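Here the protein sequences line up with chains A and B, keeping their order.
268 is the number that the numbering used here gives the last residue of the first sequence; the numbers go up by one with no jumps.
276 is the number that the numbering used here gives the last residue of the second sequence; the numbers go up by one with no jumps.
Don't read these hints as lab results, they were simulated from the structure.
Treat each hint with caution, since some may be false.
[Stated by the list, open to error] Covered by chain A, according to a simulated footprint, are these stretches of chain B (three or more residues, beta-carbon under 8 Å):
| # | segment |
| --- | --- |
| 1 | 84-97 |
| 2 | 205-213 |
[Unchecked claim] The list that follows gives simulated cross-link-like pairs (lysine to aspartate or glutamate, EDC-like), each with its CA atoms no further than 16 Å apart:
| # | chain 1 | residue 1 | chain 2 | residue 2 |
| --- | --- | --- | --- | --- |
| 3 | A | K218 | A | E136 |
| 4 | B | K120 | A | D177 |
| 5 | B | K151 | A | E266 |
Please read all numbers here as calculations on a predicted model, not as lab measurements.
Virtual Cβ for every residue (Gly too), placed ideally from N, Cα, C.
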Amino acid sequence: MAVITAPDKTPAATAPRQGRRIPPPLLLNLLALVLGVAVWAIVAATGLVDVPGPLSVGSRALDLLGDGTLAEDALASLRRVLLGFVLGTLLAVPVGFLMGWYPLARGLLEPYVQFFRTVPPLAIIPLAIVLMGIDETPKVFVIFLAAFLSSVVAAFQGVIGVDRTLIDAARVLGAPDRVIFLKVVIPAATPFLLVGARIGLGAAWGTVVAAELIAADKGLGYEMMHAQTYYDIPTIFVGLITIGVIGLLMDRLLLLAERRLTGWQERR
Amino acid sequence: MSTGTSPNRSSGARDRTARPKISFRDVVKTFPLKDGDFTALDRVSLDVGDREFVTVVGPSGCGKSTLLNMAAGLVGPSAGQVLVDGAPVTGPGPERGVIFQQYALFPWLTVRGNVEFGLKLTSLPAEERTRRADHAIELVGLTDFADALPKTLSGGMKQRCAIARAYAVDPEVLLMDEPFGALDALTRVQLQDQLLSTWTRERRTVLFITHDVDEAVYLARRVVVMAARPGRIHRIVEVDLPYPRTEELRLSPEFARIRNEVWTSVYHQQPAGSAA
Ligand SMILES: Nc1ncnc2c1ncn2[C@@H]1O[C@H](COP(=O)(O)OP(=O)(O)OP(=O)(O)O)[C@@H](O)[C@H]1O
Ligand SMILES: [Mg+2]
């Protein structure tokens with residue numbers, strides 16, 4: 001009897017979970033996009049707000065793509081972000097781990113990390129320009145700082161959060177500190193590191209545009225600033241959309257890495 | 001005949017000839033709390049003979065895990081001495097294998113990865129490592145799950161993986177903290193018999209914590225009964241039953257008598273409140 005009733009129950013039990021009525025999320029996302037563009041087109045066409053419509057922005061995007069300006073600007077911005085981000089995260093990992101592992105390092109470094117975290121990286125720009133000139137260095141530096149500060153805290157949290165019994169388990173198997181660090185602490189802290197990297201990348205991308213607004217001769221931020229002086233709203237729109245799309249793509253890439261590297265986690 | 005003996009310095013009558021493998025001498029362990037110190041263990045003295053099998057039972061919170069962790073070298077005594085082979089314990093080492101109450105598996109490694117963790121720290125050649133890991137995994141019946149991640153295992157399977165990880169490095173001393181706690185009755189009995197047969201063959205020294213009185217009596221030559229608040233040794237019960245131990249022995253009146261004796265001293269300890 002039990003054998004017969006069990007299969008009967010299964011579809012009934014799973015049906016509500018499947019939620020047949022709701023279409024798949026990707027379709028919903030697309031629908032929302034189309035709707036948004038439609039609303040934008042209507043608003044622009046009626047002249048309710050003085051903005052260019054999707055068509056003029058689209059054609060401007062094609063122009064900019066055609067003459068290579070968009071790619072050049074996007075590459076210039078990306079280069080700064082990636083350079084600053086990679087340097088910042090690379091430094092954040094050892095510093096964060098030092099702070100988590102050695103109370104001495106924590107005591108010495110924590111006040112600085114906490115202090116600079118409360119200063120918006122953009123506020124550093126004037127100082128950076130004065131000290132480093134107006135070429136690439138101050139921009140990369142500010143992005144570096146933004147990425148570093150958000151990653152370092154995550155790395156530090158990751159290390160102090162490592163389950164004590166895992167460290168003990170490695171110790172009783174004879175693992176020396178070096179092995180415990182490489183084979184237990186680093187893998188255990190990886191989920192935190194990746195979250196830190198995602199936040200760091202977001203911070204870096206947000207900072208680059210602002211840095212370029214202040215002083216640059218290339219880059220998406222510069223191009224928008226330039227467009228602003230000529231009241232060239234379509235170009236500003238193209239810049240904004242490009243920034244959003246690239247930021248989203250980078251975030252998805254890191255999310256993918258996170259999924260692959262931390263699939264062992266019990267809950268996500 | 002089995003004799004209950006009073007605590008403190010009464011242990012290991014038969015192993016007097018040899019130096020005890022593990023000895024606790026007037027060990028005190030206090031933990032600092034907001035309102036003064038908390039005494040987890042109060043002047044505990046116990047000798048575990050070389051190749052002896054000793055089980056520890058007692059109410060929750062009486063300091064069993066603390067005692068075991070001190071032998072493992074993970075926790076230092078506040079006063080007194082913990083000696084292994086006559087030398088004070090200064091830290092953990094692979095010659096003392098530990099099976100933790102909370103499994104403590106590395107969640108990013110597969111069953112085989114976990115079992116090989118300790119082996120990779122030795123100078124054994126790769127084939128030998130694999131052979132030993134496979135053997136340990138087979139011993140606990142996880143061969144089909146060798147490549148599974150811990151998150152996909154049941155509680156009992158995780159525990160068996162932890163056991164395999166400790167067995168694999170072949171330690172002289174096994175410190176086991178309720179290793180069979182999460183297992184079903186059948187697997188539990190199988191692993192008990194496996195443990196005993198490995199022990200009779202290879203004669204490791206085993207310090208084994210359990211809350212199961214039957215298990216404590218079935219496995220050990222001596223059962224240490226602890227009391228709580230403060231944690232201390234209440235009584236040591238000698239189990240005068242021959243090895244190898246069998247299913248019949250479990251059902252024998254002699255076994256029942258000793259089990260009742262242990263049961264009584266665990267659950268009818270003087271200050272009420274520590275009973276189950
Ligand atoms: N790090 C610690 N800090 C403070 N108190 C602790 C610490 N570790 C253990 N204790 C206390 O010491 C006592 C003994 O703990 P222990 O884990 O050894 O008990 P146990 O006998 O193993 O209990 P159980 O059967 O529940 O596992 C408990 O009251 C516990 O609260
Ligand atoms: Mg315990």
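* To do: Any hints from earlier that this structure breaks? Give me their numbers in increasing order, please.
  => 2
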